[in-house]
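The lines below spell out each chain.
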Amino acid sequence: MGKTKDKSGPLARRPDNSAFKQQRLPAWSPMLTANTVLPFFYLLAVICMLLGVWLLLLVQSTQEIKLDYTDLGNCNECFDLRRNVSNAVQTCSCRVEFSIDKSLKGDVFFYYGLKNFHQNLRRYMDSRDDGQTLGRIKKLKNPSSYCAPFDKDNDGVPIAPCGAIANSMFNDSFTLNYHLSSSRIVPVPLLRTGLTWYTDKNVKFRNPRADNLTLAEVFEGTRPPLYWQKPVYSLDPHDPNNNGFINEDLIVWMREAAFPNFKKLYGILNRADPIFEKGLPKGNYTIDISYNFPVQHFQGRKGVVLTTLTWFGGQNHFLPIAYLVTSSLILLTAVVLTVAWWKFGKDGKNMKE
Amino acid sequence: MFFSEEERYVRANDRPSNLSYNYANNAIRTSKYNIITFLPLNLFEQFRRLANAYFLFLLILQLIPQISSLSWFTTALPLILVLSMTAVKDANDDINRHKSDRQVNNRMVNVLIDGVLKNEKWMNVQVGDIVKLESNQFVTLTHVTHPTILTLLIEPLNLVYVETAELDGETNLKVKQALTLTGEMGDSIEALSAFKGEVRCEPPNNRLDKFKGTLTVNGQNYGLDNDKILLRGCTLRNTEWCFGLVIFGGPDTKLMQNSGKTKFKRTSIDHLMNILVLCIFGFLFTLCFILAIGNAVWEVKEGSVFTVFLPREPGVNAALSSFLSFWSYVIVLNAVVPISLYVSVEVIRLGNSFFINWDRKMYYPKNDTPAQSHSVDFSWNKLADPKFDFHDYNLVETVREGNPEAQAFFRLLALCHTVMPEEKKEGELNYQAQSPDEGALVTAARNFGFVFRSRTPETITIMEMGEKVTYELLAVLDFNNVRKRMSVIVRGPDGKMTLYCKGADTIIYERLDHSCKRLMKVTTGHLNEYAGDGLRTLVLAYKHLKENYMEEWTQRHHEASTALEGREERLDQLYEEIEKDMILLGATAVEDKLQDGVPQTIEQLAKADIKIWVLTGDKQGMSCYILELLYARRKMCPESAEEPSVTKARAGLFWLQKTETVQDEQVEGDYALIINGHSLAFALEKDLELELLRTACMCQTVICCRVTPLQKAQVVELVKKYKQAITLAIGDGANDVSMIKAAHIGVGISGQEGMQAVLSSDFSFAQFRYLQRLLLVHGRWSYLRMCKFLQYFFYKNFTFTFVHFWYAFFCGFSAQTVYDEWFITLYNLVYTSLPILSLGLFDQDVNDRWSFEYPQLYSPGQLNMYFSKKAFVHCMVHSCYCSLVLFFIPWGAIHDTVRDDGRDLADYQSFALLAQTCLLVVVSIQLCIDTYAWTTVNQFFVWGSLFAYLAITFTMYSNGMFLIFTSVFPFIGTVRNSLNQPNVWLTIFLTSLLCVLPVVALRFILIQIRPTINDKVRKTPETEYCLCILRVSTRRSGYAFSHSQGYGALVTSERFLFKRPLKSLLAFSAQTETPRPQLFRPIPE
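Line by line, the protein sequences give chains A and B.
For the first sequence, full-length UniProt numbering assigns the number 1 to the initial residue and increments by one for each residue that follows.
For the second sequence, full-length UniProt numbering assigns the number 1 to the initial residue and increments by one for each residue that follows.
Hints are computed from structural coordinates only; laboratory data are not their basis.
C-beta atoms are modelled at their ideal positions from N, C-alpha and C, and glycine is treated no differently.
There may be inaccurate statements among the hints.
As the list claims (entries may be wrong) - So these bits of chain A aren't anywhere near chain B, every CB distance computed over 12 Å: (1) Asp-16; (2) Ser-93; (3) Asp-101; (4) Lys-105; (5) Arg-128; (6) Val-203; (7) Gln-229; (8) Pro-231; (9) Pro-237; (10) Met-254; (11) Ser-290; (12) Gly-345.
What the hints assert, rightly or not - Beta-carbon label-pair distances, calculated as ranges: (13) B:Val-937 <-> A:Lys-343: 37 to 47 Å; (14) B:Pro-65 <-> A:Thr-33: 55 to 65 Å; (15) B:Ile-80 <-> A:Lys-343: 53 to 63 Å; (16) B:Pro-311 <-> A:Val-186: 43 to 53 Å; (17) B:Arg-360 <-> A:Lys-343: 39 to 49 Å; (18) A:Gly-106 <-> B:Ile-80: 46 to 56 Å; (19) B:Pro-65 <-> A:Asp-273: 47 to 57 Å; (20) A:Phe-20 <-> B:Tyr-342: 19 to 29 Å; (21) B:Phe-285 <-> A:Gln-299: 29 to 39 Å; (22) B:Pro-311 <-> A:Lys-278: 28 to 38 Å.
I would like the entire structure built from these sequences, with the hints used as guidance.
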């Protein structure tokens, strides 16, 4: 019954004298003393303050123009048109005007934004087939059941790309124009590539590979999603390399937003043009919108955002302000702690038994 | 066999007849499973545990696609891990059982079949067979395990020595005696095979000390009792061979009938944990209910219009959707009731009991006994023989000179006992005694020149002053609890017959001849003196018997001992008849020396606010002695040491005495309750037991003396029942077993009095003083660790889960998780498991020296200050706050932000990564500030876990994993694209600050304003420690002095020698017996 140990002799069963077994491992006990806690709090208050101020300055240095065009100007008509689902095939375009008072310097990023669009619903997020968009031929013709009911159309023809996400892809398109003068309108060149994560463009999304076949031939036997006007292989009429599953608008859309209000990158200002070399100059601008995406179904809004960036991202005041608030809270706490220590703990009376 | 057996009937050498009764054969099976049944049976067993069943239920829910909010693996992986770990352990246990079964079943034995001795396997032995058992004398003492209950037949001397360690844990040799009738057959095979005895006896039962049956040979009836049978599990010692008739086989044997399951003891933390788990369940369902309602509202208001983009599944409307989302959220939020909780608690318990086993300071080198925690491992070793070194040459001289009374005194000691001599080596005589007292008395006689040499059933041989004398043993009137005395009747070489008797004073006094009145008076004085000194006393008496009376008595004795009905009563009557009019010889006193450090231990424990009740079988005098040790400064003296009359006990039952305390201005008054067994019997009656408890609890000290083992258990049960307190019972004797089993925590002291107390205990060690280390150090640590563990565990899981709750308001209550599914799977299993285990296993708020110095540190645990329902609520509030920070800070930081190159950062996957990283960092920091002692081990685990998190996440989000398992790892590239953003790190830093700083600030303020005893001790400068050491050492020397005073003075005094009756005072140098204090208090596991 006894423990089998090799040792023998009178002290055979004596436990080992190791620090571990005797629970005598060298240890450091951090203690909350006034000497450590109070300076620590003051120091953190200062750090947070500095960080907050620095970030605030940084954020202030960016510029941002937001434009809700849901029913702005003559988009109102399109808004009404899209109310009715039966009009989905009709095209509608509208134009919104805005002006920039202070030129946007440096790279300018063009976003479209949606409000109250829940890309983060569980069933919505599940409704995609990464295998298909990875270009797996088998999956192309036989999409995952997760895509249902957007996996096959009524005739049983597979849909590519399948699923609710792809089906609901944002399909407004924008042309930004700069009114150089009252008579001369210059289109602002936007780069429509380079909008996605490198990993998405190169790893996660791939076109089905087939030798000697054009993209259209590869996708033969599939249907575009129900709400799409164009098939996936001709999404970008200008750049044949931006078609199929690797179309950047598709990839951007497929990266579901975490919250119902979000913005997604539409284009980046091409600064090759001498007029826009330094960014967007001040002046009047118009955006021609091909108004397709219906938002009234979900009581949503849509808009565009033009912004410059720093290493800290765009114009988000949350973190700088949060740091400043935290800093003041820590400072307040530190003062309270100091007072408590001064009144109760300093003489160590409480510590005596 | 569906009938219950009422009487067993066995015929020797008649297999066909015995087989017709369908008695169980000798094959045993203790294993639970075989290869085929293992999986289903084991899984069934495991799923009977509520936690496992709950997770199986979750797993089934997850397989319903409409509900499944998480992939099946998030539940399946932990469940499979837990199940397989348990299964492997069970399988291993069962394989061992199979092995031992096979070994036992295949052991060879000689069986007498058809007149020939055949070598057979144990499992083939049938009831009614005659078997031959052998052991090698002296040399190797091979263990021969008897498979069956046997009637003993024969042995060279008709005596068989057995050791019953496997049965009842007692290691001393016992004697079994054959019937003279069967003994005559010897080893003659012919005689044996012709033997046609029939045995009728009781049906199989589990009572080890009782057996009743008759053997019928040729119409003659012979009584069979416990002395005539060998039980399975005994080991044959010092005996060449013996034959036996098999009466019970295999599962019918008393050993197998006794191997019942021990009941699981629960601690108060266990209890609290179960309540909390139920609360959590309620809470979980409330949360899910709220979310389901949210879902219904959302579906009506927004979901119905969003159907353009996300059509509902056929047949699902808002109501059904909300019902489904309820279950979906049950799955998502299940982390509040984590499966790993129970597993972790088991691991921590196991670990902490290993630390007890490993503790060198609870190891007793004198008999090589480490502390044992029996829930884990169970082993014992044979104790070293007690050593007696008492020599008083003056006394030896007196005996030599031929003082007849002195000689009679020691002759009695050498004759009247049941000790077995064992001569392992030539000239080295060892005594195997049932109780250490008996051994001590026989050894004392040896030291005075009356050496007990050997015994046979019919004779006892002693050396009287160097002269060999053989007495014929006519009868042994054995000791039992009712008789409280034992006698032998011997015929000396001169033909005179004498009855020698020793027993409890009151019992013997009632049976003394009137002629010794004067002597009785003197002796009573001495007895009181001894009892006052805490010695255990016996009174010795003798009586000469007449030849013709003895003959007639022997005849009646034989009749009574073969009677089937009322045998014991008849024997008792006979004994009563002969044991009267005896002549007083004297009294003995055995010092019941307390083990080292008993008073300090009790003092320490009293300081720790542990209530101490002493339940002892000894007289009040002894108790008083203990009491004086308990509270040296308090003078306690019960005025009436005599037993109270029954009427008085009925009226008042117990009397309270206000004790004069030195510093009585401090305390209103300290009371002590002393109650004896007689009164206790009344006090424990239904209508009075509450009164007893109330009164007893008002007292500082409660002492119950002269209590029976049953009463001990009753007192413990009483306390358990009416006081919501945790009880700990500590004892060393067989009479403490019931109490040890009844208490929440049973502690056995591996002392002299057999191993029964140890066998039934949860913890055992060699010295009473180790109790303070068990409680004040290990108990305290374990409790603290368990509390910290639970608190932190709930904190981390609540925080984890609440974040989902907040996210629900942003994702349309669709049961979308915040984190990656793999993170959910691995959070409890990998990322946080080792750090929290290291907290539960290694943390120490103060080291062991401090715990010893400040027993007061123990009291917070008794008040459940470390973990209670209140603490649980605090923990929930804390988690709630942290989860708010952990959700809304990342939300604010990220929801309208993009990467530095304009690309997406507010996508779901980046947010999930950010939220889970924040969470893990925050809970890791929280763990660090919860840890009192930062050792390399726990820091390694914390940093290792964080590192493992990064490494695993990188791997899972890598290209390779995505390309191989496309649908399982969709988070490809998220780490690379988001963790390189300063934004993300600034968010992690801010959330950590906001989660951790309030805790630090609050703790700091509490330390300043309301420091706990822990804070004070932790703050105490190291220099005071030296002073404490000094204090301990002075205390110890003081004790040693006061204690040795008792017998030293008596032994050396001249007065002692010339007094009559002659008294022997014996003292053990080795530890002999401990008092059996009963402690109760709420203690932690």
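Consistency of the hints with the structure:
1. With a closest Cβ-Cβ approach of about 7 Å to chain B, Asp-16 (chain A) is found to fall inside the 12 Å limit, against its non-interface label.
2. Interface exclusion of Ser-93 (chain A) from chain B stands, the closest Cβ pair being 22 Å apart, more than 12 Å.
3. With 12 Å as the threshold on Cβ separation, the claim that Asp-101 (chain A) sits away from chain B holds: the shortest Cβ distance comes to roughly 22 Å.
4. At the 12 Å boundary, the C-beta of Lys-105 (chain A) stays outside the reach of chain B, the nearest C-beta of that chain being 15 Å off.
5. With a least beta-carbon separation of about 9 Å from chain B, Arg-128 (chain A) fails to lie farther than 12 Å from that chain, contradicting its non-interface assignment.
6. The beta carbon of Val-203 (chain A) sits about 5 Å from the closest Cβ of chain B, which is not more than 12 Å, so the claim that it is off the interface is violated.
7. Against the 12 Å criterion, Gln-229 (chain A) stays outside the reach of chain B, whose nearest CB is about 16 Å from its own CB.
8. Taking the minimum C-beta to C-beta distance to chain B, about 20 Å, the non-interface status of Pro-231 (chain A) holds against the 12 Å cut.
9. In this structure Pro-237 (chain A) is separated from chain B by more than 12 Å, as the shortest Cβ-Cβ distance comes to about 24 Å.
10. Non-interface call for Met-254 (chain A) relative to chain B: violated, since the shortest CB-CB distance, roughly 10 Å, does not exceed 12 Å.
11. Here Ser-290 (chain A) stays apart from chain B, with its beta-carbon at least about 19 Å from theirs, past the 12 Å limit.
12. With a closest Cβ-Cβ approach of about 3 Å to chain B, Gly-345 (chain A) is found to fall inside the 12 Å limit, against its non-interface label.
13. Against the hinted window of 37 to 47 Å, the Cβ-Cβ separation of Val-937 (chain B) and Lys-343 (chain A) comes to about 39 Å, which satisfies the hint.
14. Between Pro-65 (chain B) and Thr-33 (chain A) the beta carbon distance is about 57 Å. The supplied range of 55 to 65 Å therefore holds.
15. Checking the proposed 53 to 63 Å range against Ile-80 (chain B) and Lys-343 (chain A) shows it holds: the Cβ atoms sit about 57 Å from each other.
16. Separation of Pro-311 (chain B) from Val-186 (chain A) is about 44 Å and conforms to the stated range, judged on CB atoms against 43 to 53 Å.
17. The hint said 39 to 49 Å for the Cβ distance between Arg-360 (chain B) and Lys-343 (chain A), and at roughly 46 Å that hint holds.
18. Between Gly-106 (chain A) and Ile-80 (chain B) the CB atoms are about 54 Å apart, so this pair conforms to the stated range of 46 to 56 Å.
19. For Pro-65 (chain B) and Asp-273 (chain A), the Cβ-Cβ distance of about 52 Å falls inside the hinted range of 47 to 57 Å, so the restraint holds.
20. Here the CB-CB span from Phe-20 (chain A) to Tyr-342 (chain B) is close to 26 Å, well matched to the stated 19 to 29 Å.
21. Between Phe-285 (chain B) and Gln-299 (chain A) the beta carbons are some 32 Å apart, a value that agrees with the proposed interval 29 to 39 Å.
22. The beta-carbon spacing between Pro-311 (chain B) and Lys-278 (chain A), approximately 49 Å, falls outside the hinted interval of 28 to 38 Å.
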